[in-house]
Amino acid sequence: MTPAFTREQGLELLRHMLRIRRFEERTAELYQLGKIHGFLHLYIGEEAVAAGSIPSFTNEDAIVATYREHGHALVRGTSMKQLMAELYGKAAGCARGRGGSMHFFDASRRFYGGLAIVAGGLPVAVGLALADKMQGRTRVTGCYFGDGAVAEGEFHESLNLAALWKLPVLFLCENNLYAMGTALARHQSQPDIAAKARAYNLPAETVDGMDVCAVQTATHQAIGSVRRGDGPYLLEYRTYRFRAHSMYDAELYRAKEEVTEWKRRDPISTFAQALRTAGMLADSDLQRIEAEIATEIEEAVTFAETSPWEPVEDLTKDVYTGKA
Amino acid sequence: MTTITYREAVRSGLREALKRDPRVFLMGEDVGKYGGTYACSKGLLDEFGPERIRDTPLSESTFVGAGIGAALGGMRPIVEVMTVNFSLLALDQILNNAATLRHMSGGQFNVPLVVRMATGAGRQVAAQHSHSLEGWYAHIPGITVLTPATVTDAQGMLLAALQEPDPVFIFEHAYLYSMEGELEGSRPAVDISRAAVRRPGNDLSLITFGGSLWKALAAATQLAQEGIEAEVLDLRVLRPLDTGTILTSVRKTHRAVVIDEAWRTGSFAAEIAAQIMEGAFYDLDAPVARVCSEEVPIPYPKHLEEAALPQPDKIVKAVRRLLG
Chain U
1 MTPAFTREQG LELLRHMLRI RRFEERTAEL YQLGKIHGFL HLYIGEEAVA AGSIPSFTNE
61 DAIVATYREH GHALVRGTSM KQLMAELYGK AAGCARGRGG SMHFFDASRR FYGGLAIVAG
121 GLPVAVGLAL ADKMQGRTRV TGCYFGDGAV AEGEFHESLN LAALWKLPVL FLCENNLYAM
181 GTALARHQSQ PDIAAKARAY NLPAETVDGM DVCAVQTATH QAIGSVRRGD GPYLLEYRTY
241 RFRAHSMYDA ELYRAKEEVT EWKRRDPIST FAQALRTAGM LADSDLQRIE AEIATEIEEA
301 VTFAETSPWE PVEDLTKDVY TGKA
Chain R
1 MTTITYREAV RSGLREALKR DPRVFLMGED VGKYGGTYAC SKGLLDEFGP ERIRDTPLSE
61 STFVGAGIGA ALGGMRPIVE VMTVNFSLLA LDQILNNAAT LRHMSGGQFN VPLVVRMATG
121 AGRQVAAQHS HSLEGWYAHI PGITVLTPAT VTDAQGMLLA ALQEPDPVFI FEHAYLYSME
181 GELEGSRPAV DISRAAVRRP GNDLSLITFG GSLWKALAAA TQLAQEGIEA EVLDLRVLRP
241 LDTGTILTSV RKTHRAVVID EAWRTGSFAA EIAAQIMEGA FYDLDAPVAR VCSEEVPIPY
301 PKHLEEAALP QPDKIVKAVR RLLG
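Which chain is which? The protein sequence lines are U and R, in order.
So for the first sequence, our numbering puts the first residue at 1; every next one is plus one.
So for the second sequence, our numbering puts the first residue at 1; every next one is plus one.
Bear in mind the hints are in silico, worked out from the structure with no lab data behind them.
Take these hints with a grain of salt, some might be off.
To be verified - Straight-line alpha carbon distances no greater than 25 Å define the calculated PhoX-like cross-link-like pairs of lysine-lysine that follow:
1. R/33 / U/133
2. R/302 / R/317
3. R/19 / R/33
4. R/252 / R/302
5. U/166 / R/33
6. U/196 / U/166
7. R/19 / U/133
8. U/35 / U/81
9. R/314 / R/252
Small disclaimer: the values here were computed from a predicted structure and weren't measured.
Given these sequences and hints, build the entire structure.
What follows is the structure, given as structure tokens:
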């Protein structure tokens, strides 16, 4: 892992990952305290993918993500206050508190969810890309999904249609090896996801999803290809979820040794070490970044705690446009 | 007045929509080269080209989802799902994305999508191609459900639907495509908020929609020969339902028979009956009656299919029982 960027850029990548990690650690605590409800799918362990890929998209590009999208929204730039308020279900949330953890939206950043039916975002991303192509825009749509999604028909239909119509969409598969509790090799006859994409005539690569530098390099290159009009592209990031699928599961489906082994490749500690080796990170830098993040989180929690609920009178507002 | 088939009326609506707005395009299975399974889009590929008349793979979920994405991206897609039977493959996109996005995103994203599909039985195509599921769709908040029964509505509802900011589903009864009728009025777009009285009468209300309208009108003609004047109501819009017109009719006639080609249990007819109970119970002189399909998969032989579906003579018998 050799950083091919300036110290500032390296610290920024580290900051993105730490921000996701600390934010989610806090949300797990808040969940235990009964402040956050419903499903809470943590991204901890997979931070290098969002941190390394999202900044390569421009503000005009679109992002479609899944129910495990806290990290993507944070890196995309939606304020932590809005995200925390959304987790609390408060009206100041990024979806007025109506969606919660699985349904982050931010029109100002072209962040189209937070779509929580596995593979359900792929057709939508294909359509967003179709609209861009038909209107002669050079925008790219980035569509995140997990390894579980490749078992769904929509994965195959969407890759086929995007390639057939040469649409500007980048498929970003976050392969954390488990579809909830079912290992990839236990549900796929062909577990090589990039190979599946190549079968539909998409260029595809497998990337070390624990290495933020590798993620950044591959994503930057793939987005460039899509933006040039060369059609869709798929990147498969090999990554790992350190926590349970949602807040609780007994983790009967994987060995403790396997989890321990992957944790040795923690994307944050390994990258921090690489920065230190390159002379780009001092203890004081880390302390400063951690302190800034801690302050941001505390402000976000206070904001969420003190902001108002959506009034019940607004319950049916926006079922239809302009109708209460 | 112009005499035109229902099929030509749909095509004329499509052509008008494509001419009016460069954002409008049509996509679906065999809408282009084949000219549409029911020939509704015949000639449009030559007239508007392959960018705007898009043949899709047999991927209902993905091309409906792509319609949602394209609508989010600023286009005005018309998606043709060949028949309601195949729309089940796209139900996830319809319910979880199209109908939900606006509310779930706190009003940030609306989906101006129009989906057309053929519905209904009566052509000896057996159990898997004879469903009448528009009542299911009418269960879903966030969408508008239209059932054009006349050539005027077949043409005009499409144009009106394209003016809506939210998803609209148009159910065209397959039995009607070859029916001829008179195009009324000069305004291409029609109202899509109100039910219509297709035949006035004072003795009872026959309440129906879609393909069953013509069976109800046939029954009313027969009843008139017996001195019974039935009022025939065409609901036109199943959601949002025009309850006012239903209650006004029932308060006048004091009796109602609801005719619905769907299965009786859990049918849209049950919803109409419930609305009448809630809104006009004390105006009723008899219980509300229903004429629906028998609770069987629709069989292939003509005599069995006819026995399974609502028919004019069944409606007449139901009326006699009610007046008995």
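Structure-based check of all given hints:
no., hint, result
1, R/33 / U/133, "holds (22 Å)"
2, R/302 / R/317, "holds (21 Å)"
3, R/19 / R/33, "holds (19 Å)"
4, R/252 / R/302, "violated (38 Å)"
5, U/166 / R/33, "holds (20 Å)"
6, U/196 / U/166, "holds (17 Å)"
7, R/19 / U/133, "holds (20 Å)"
8, U/35 / U/81, "holds (15 Å)"
9, R/314 / R/252, "holds (23 Å)"
The structure fails hint 4 only (numbered hints given earlier).
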